[in-house]
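Peer 1: Sequence:
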Amino acid sequence: MTERSEHREHSLAAATEARGLEALISRAARAGKGAAPVERWNPDFCGDLDMEIKQDGTWFYLGTPIGRMPLVQLFSSVLRKDEDGRTYLVTPVERVGIRVVDAPFIAVEMDVSGAGAEQTITFRTNVGDVVEAGPGHPLRFVDENETGGLKPYVLVRGRLEALVARPVMYELVEHGEEIDIGGKPMFAVRSKGEIYPIMPAEKLKRLSA
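Using the working numbering, the first residue of the sequence shown is number 19, and each one after it goes up by one.
Take these hints with a grain of salt, some might be off.
Below, in silico cross-link-like pairs of lysine-lysine (DSSO-like), each with a Cα-Cα straight-line distance of 30 Å or less [what the hints assert, rightly or not]:
(1) 72 - 169
(2) 169 - 210
(3) 202 - 169
(4) 99 - 202
(5) 202 - 223
(6) 99 - 210
If you are wondering where the hints come from, they were derived from the structure by calculation, not from laboratory data. All values reported here derive from a predicted model rather than from experimental measurement.
Build the full structure now, drawing on both the sequences and the hints.
Peer 2: As structure tokens, this is what we get:
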């Protein structure tokens, strides 16, 4: 195969990918504004798309960052994570797989109102979702074995979570308190009447010593 024909085939493949993406964008746009009712759609699986959400929340297509936030927000509105653990872009007529390194969203800002049992913690994600931690939007905390750190996540919708950005995590733990849970002292946070344990109080004391 000559260099020219190889280049032509590569160009045709790229053009096909681009047209496919444009068509997907068009169908996603018709799904409406805000998060689409993807949980109610059951389209056929149409293969994988060369799209990836990196750990910092940046979206890539064909190895290139998607720099247009309205486009990222549009795609985020038709995301769905299924029971198989994979994440898909879903429209009424198709379901395509994408790669997600960690969580599809990043919680980049938080606000706290009230105090004690009346406290409510609200998060804003990098794509504009606003959720109040509590029933339906639980917080969970995962030990990061590689660094010895902590990774908090908040459920946004369906099975899709937002990783709480590190600066926001520091702000979050400032609102933690020692709470007895099942007879065991835990360092935890409250939101909308729910209690979310972060770590045993004894472990926190060791880390703080």
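Peer 1: Does residue 202 pair with residue 169 here, judged by a C-alpha cut-off of 30 Å?
Peer 2: holds (22 Å)
Peer 1: For a C-alpha distance cap of 30 Å, please report whether residue 72 and residue 169 respect it.
Peer 2: Roughly 16 Å between the alpha carbons, so the hint for residue 72 and residue 169 holds.
Peer 1: Taking 30 Å as the top limit, are the C-alpha atoms of residue 99 and residue 202 close enough?
Peer 2: violated (34 Å)
Peer 1: CA of residue 99 to CA of residue 210, is that 30 Å or under?
Peer 2: OK: residue 99 and residue 210 at ~25 Å, within 30 Å.
Peer 1: Against the 30 Å threshold, does the CA-CA distance of residue 202 and residue 223 hold or violate the hint?
Peer 2: Measuring from Cα to Cα gives roughly 14 Å; hence the hint holds.
Peer 1: Residue 169 and residue 210 were given as a pair; does the straight-line alpha-carbon distance stay at or below 30 Å?
Peer 2: holds (21 Å)
Against the hints set out earlier in the document, a violation occurs for number 4 only.
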